[in-house]
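Novice: Sequence:
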Amino acid sequence: MFPLDLLSGSAPVPDAAHASPLLAHLNEEQLAAVTLPAGHALILAGAGSGKTRVLTTRIAWLLQTGQATPGSIMAVTFTNKAAKEMLARLSAMLPYNVRGMWIGTFHGLCNRMLRAHYQAAGLPQAFQILDTQDQLSAIKRLCKQFNVDDERFPPKQLMYFIAGCKEEGKRPGDIEAIDPDTKKKVEIYQLYEEQCRREGVVDFGELMLRSYELLRDDVHLRQHYQRRFQHILVDEFQDTNKLQYQWLKQLAGNEVGGRYASSSSVIAVGDDDQSIYAFRGARVGNMADFIREFEVRQQIKLEQNYRSYSNILDCANALISHNSNRLGKNLRTTQGPGEPVRIYEAPSDLAEASWMVDEIKQLVKNDGFTRQEIAVLYRSNAQSRVIESALFNAAIPYRVYGGLRFFERAEIKHALAYLRLLENPHDDTSFMRVVNFPARGIGARTIELLQDAARSSGCSLSDAVTAVGGSAGTKLQGFVAQIDVLREQTQGRTLREIIETVEEQSGLIEHYRNEKEGADRIENLQELVTAAESFVTQEGFGRDAVALPLDEQQGASLLNQSPVSQGLDSNLPLLDEALKPPVGTVASMVNADTGETLSPLQAFLVHAALEAGDNQAQAGQDAVQLMTVHASKGLEFDAVFIGGVEEGLFPHENAMMDRGGLEEERRLAYVAITRARQRLYLSHSQTRMLHGQTRYNVKSRFFDELPEEALKWITPRQSGFGTFAPNSGAYGAYGAKGSEQFGSNSGWGGKSEVFASPPVPQQKAQPSHGIKAGLKVFHNKFGEGKVLAVEGTGDDARAQVSFGRHGTKWLALSIAKLTVVD
DNA sequence: TAGCTAAGGGTTTTT
DNA sequence: CCCTTAGCTA
1 MFPLDLLSGS APVPDAAHAS PLLAHLNEEQ LAAVTLPAGH ALILAGAGSG KTRVLTTRIA
61 WLLQTGQATP GSIMAVTFTN KAAKEMLARL SAMLPYNVRG MWIGTFHGLC NRMLRAHYQA
121 AGLPQAFQIL DTQDQLSAIK RLCKQFNVDD ERFPPKQLMY FIAGCKEEGK RPGDIEAIDP
181 DTKKKVEIYQ LYEEQCRREG VVDFGELMLR SYELLRDDVH LRQHYQRRFQ HILVDEFQDT
241 NKLQYQWLKQ LAGNEVGGRY ASSSSVIAVG DDDQSIYAFR GARVGNMADF IREFEVRQQI
301 KLEQNYRSYS NILDCANALI SHNSNRLGKN LRTTQGPGEP VRIYEAPSDL AEASWMVDEI
361 KQLVKNDGFT RQEIAVLYRS NAQSRVIESA LFNAAIPYRV YGGLRFFERA EIKHALAYLR
421 LLENPHDDTS FMRVVNFPAR GIGARTIELL QDAARSSGCS LSDAVTAVGG SAGTKLQGFV
481 AQIDVLREQT QGRTLREIIE TVEEQSGLIE HYRNEKEGAD RIENLQELVT AAESFVTQEG
541 FGRDAVALPL DEQQGASLLN QSPVSQGLDS NLPLLDEALK PPVGTVASMV NADTGETLSP
601 LQAFLVHAAL EAGDNQAQAG QDAVQLMTVH ASKGLEFDAV FIGGVEEGLF PHENAMMDRG
661 GLEEERRLAY VAITRARQRL YLSHSQTRML HGQTRYNVKS RFFDELPEEA LKWITPRQSG
721 FGTFAPNSGA YGAYGAKGSE QFGSNSGWGG KSEVFASPPV PQQKAQPSHG IKAGLKVFHN
781 KFGEGKVLAV EGTGDDARAQ VSFGRHGTKW LALSIAKLTV VD
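Counting in my numbering, the final residue of the first sequence is number 822, and the numbers go up one at a time with none missing.
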């Protein structure tokens, strides 16, 4: 579809590059990508093709060959994890400190830019960042204040609306609202913005949007950064949203007649087949737009896979080939076919889990797999429960990814709220969070009075306490006084001392000491102190910026040599911190206009908001890894189980609603499959407990899209058809031992329906229509389907029927003609 | 104001 | 089925 132009007509690669040990062991595709000549380029990096290696090696190569200086490079990633990995690999390759370089997440870099130019951006110097929780509570507060009907406008929905608008680059004034509902939402969006400005806070979307607007509207700043960043590298480009792409365009250079014909190079690295975040605003279309708008001539495909055996890759390739509008890519390996992909059909989710456990036991005992190299992946979190309990009962250590992260925990948020109030008493979100925690006898009524007072005088809650009379007012003033005392007490103390004092004096520690489940929370509060401590040392606080270690001096001199600086507008008061001697990330906290630095506490609060911390629970030793398919992206394991590969679940029924939903589900399956190095299991279950009721699922259509030659069905033959003895609730678990002797490409559980219809749940009264959950029925339009549930009686009776390809539908039995199939 | 009970709602998720 | 939240009562 697009011309693949491998280095043809390109500038000669500097000689030094060939001699460089950096480039050793790169394959042809990788080498081409690493040594791309200046100019915009797209690298289509397949799963397991060494994408991160290419990115980091490219940066190192640019620096080593003198084509770039550290200050002229910007590398953007999506997650902190990816940014950290890039930094770690780079610092291993380069002889100097890389922390001053502009390598980070979109939000991290926007934050850095806004800190440096807070005045131009119209922000207070020490603006705080709202995470999603904070944002929601801010919206709830606002809705209460302005009597917004939370039935018609649920705060969550308003939050999605506002975040969505910002991701599209839209301010309230940019939205064309015709219907009254949208008009109201825009009005609330406007009020929310005013509230944020009053309180001196920004949400995640605001970081991005404000930074974009700053570049768009300030020609000097824009030109400065455009001249500076000669090399822009973007990771996971398929996950960028509209605003992020626009932001990149501002940095990329001068738009001439709709084209980005600047001297800088934008290298976008991504994989359209692994785009799984459309639901949160990611636009795969940015890849095609990038090719068109930047007139990309250099496209390189990294298709050599270093992860999996070919049976696994054949499955992945075959599956994804069913998608349309792909940029086109086929993974290959030199590793040979390896083992077949095993497919298992279970009678129930319980049996599926218990089969997994047996199989895992075998893998560890007989096949030499380590537990931490075994992953169980699932489409939705709800599936983890059965698997967890099966693993738990078998005493197999496991670790579940996802859930609350460290800085999102309630006790941590409470402590942070106190800390934020020390910095900014007008932070009403933080005020509300802790004004009555631990309990101080300040209840809803008092808060209402306070909010009324604050609104009528247009001030913050903290300033309004004197306006509330009576004992309520006394209590409120007591709280504010307590914060003031804390601020006084912690003046000039180290970060560690500040946090310890706050945790103790606020009464948080005491409160959790009296709570029965409080021990963990106290431990976390102590962990917060530790986290702050390592933040201070790692990030370079407390060090004398003048006494730079040798590596940093080298880095500094390199940075100062930057030829880019000559092109910069010296009349601008701005100075990029990376052009000055770097002091770790602290440098990013230097305010370029005034030279002021954020205090360690301020910087730590920014860090806490921007990086929610580890996403994984107890870092147990050698544990089986459990996670959603989404969470598995970017990871790899020796053995992978993908459970619940069923219609309605994977592909998920809700995903089928929106356009392109099925294709995103398929990409999701593609991501899941390509996680496996050696062994891959796909399983589906005939019955599954969901929302308290048993559902009958047919196996996923994705099975039909896999190549038979690479598969092996391992469902054991049952003694007769008694698997579904009517009214029997429990199904025995199957031992994996010897199960494979039944495996064949066309055998049990394959293309043919093996098991009889599911059992009919026992019912007290038989409805007259004769439709019952579990029955197989026929519909003139949708064909054969399975009844999942029946509701109501008489003319109101309706049934939920899963029609496979046509999805799951609710049908009124008085209207729809359903006939029962044997 | 705090603690309990009923009701509602339940893809996927990073910053 | 199970968790979160809202509303109600002591």
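None of these hints come from the bench; they were simulated from the model. Among the hints, erroneous ones may be present.
Simulated DEER-style distance windows between Cβ atoms [unchecked claim]:
no., residue 1, residue 2, range
1, Leu635, Phe146, 20 to 26 Å
2, Asp463, Lys156, 26 to 32 Å
3, Lys183, Pro707, 49 to 55 Å
4, His691, Thr537, 46 to 52 Å
5, Asn147, Thr370, 29 to 35 Å
6, Arg659, His220, 49 to 55 Å
7, Glu408, Leu635, 20 to 26 Å
A virtual CB, placed ideally from N, CA and C, is assigned to each residue, including glycine.
Novice: Looking at the structure, which of the earlier hints fail to hold?
Specialist: 1, 5, 6
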